[in-house]
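Q: In the numbering used here, the protein residues as written are 1235 to 1428.
Rather than coming from a laboratory, the hints here were simulated on the basis of the structure. A portion of the hints provided could be inaccurate.
Said to hold, decoys possible - Computed cross-link-like contacts, SDA-like style, restricted to lysine to any residue with a CA-CA straight-line distance of at most 25 Å: (1) Lys-1406 / Arg-1428; (2) Lys-1406 / Glu-1369; (3) Lys-1424 / Gly-1393; (4) Lys-1406 / Val-1394; (5) Lys-1406 / Gly-1393; (6) Lys-1406 / Val-1309; (7) Lys-1406 / Gln-1390; (8) Lys-1386 / Glu-1251; (9) Lys-1424 / Glu-1384; (10) Lys-1386 / Ser-1350; (11) Lys-1424 / Asp-1328; (12) Lys-1386 / His-1282; (13) Lys-1406 / Ile-1416; (14) Lys-1424 / Asp-1392; (15) Lys-1386 / Pro-1411; (16) Lys-1424 / His-1282; (17) Lys-1406 / Asp-1281; (18) Lys-1386 / Asp-1281; (19) Lys-1386 / Gln-1287; (20) Lys-1386 / Thr-1420; (21) Lys-1424 / Gly-1283; (22) Lys-1386 / Gln-1333; (23) Lys-1406 / Glu-1421; (24) Lys-1386 / Leu-1402; (25) Lys-1424 / Val-1309; (26) Lys-1424 / Val-1394; (27) Lys-1386 / Lys-1424; (28) Lys-1424 / Ser-1350; (29) Lys-1424 / Arg-1395; (30) Lys-1406 / Arg-1360.
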Amino acid sequence: MTVTSDRPQMLVTEFEEIARSAARAAEGARLEFIHGHIRGKAVPDGDHGRIIQWLIRICMQHNPDLWLDPSQGLVIETYRGGRARPDGSLAPADAFVGQGEWADPAPVLMVVEVTSYDSDTDERDRVEKPRAYAETGIPVYLLIDRDTCEVKVHSQPDGVRYEQVMTLPFGKEVALPDPVGITLDTEPLKNWTR
């Protein structure tokens, strides 16, 4: 580990080795490295998976040249070499070919997170992720918040934060801005929450 200021900063290569070891040791273990901190990512439940299936289908129907990838890791923080694994990354179908486990986020049009029922979801999905994705310049961040039964669409990143945030309850139509350009009927989301 290298030391900056008074606190140690983990190297990306050290994080990647820890993440590989965790994945081998415990089925479904998923780690992320955001703003210099290792975070566990909850193992998705069946409803979480169903929401991603629903969204993949909609994206494919809208534009079959795009793919909502539910497993690709992204290099999110160029400053600290962060690593995030969104619940979905919408990009051209061949965008991640040859990239490996952690891909360049440049071709990503939208990232998706679906909240999990764990103690870290507030900090991770509502605070850290929007900031990290905006800093990276990803055009749209879609948060499907199962705790509040709302959809939050973050857009217009300025390199620090998203300038636009639209919040609508489940059941409303949600227009995802360009470059995504899809309208979602969120009524089915009511079926996949507790």
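Q: Checking each numbered hint in turn, tell me which of them this model violates, lowest number first.
A: 2, 3, 4, 5, 6, 8, 11, 14, 22, 25, 26 and 29
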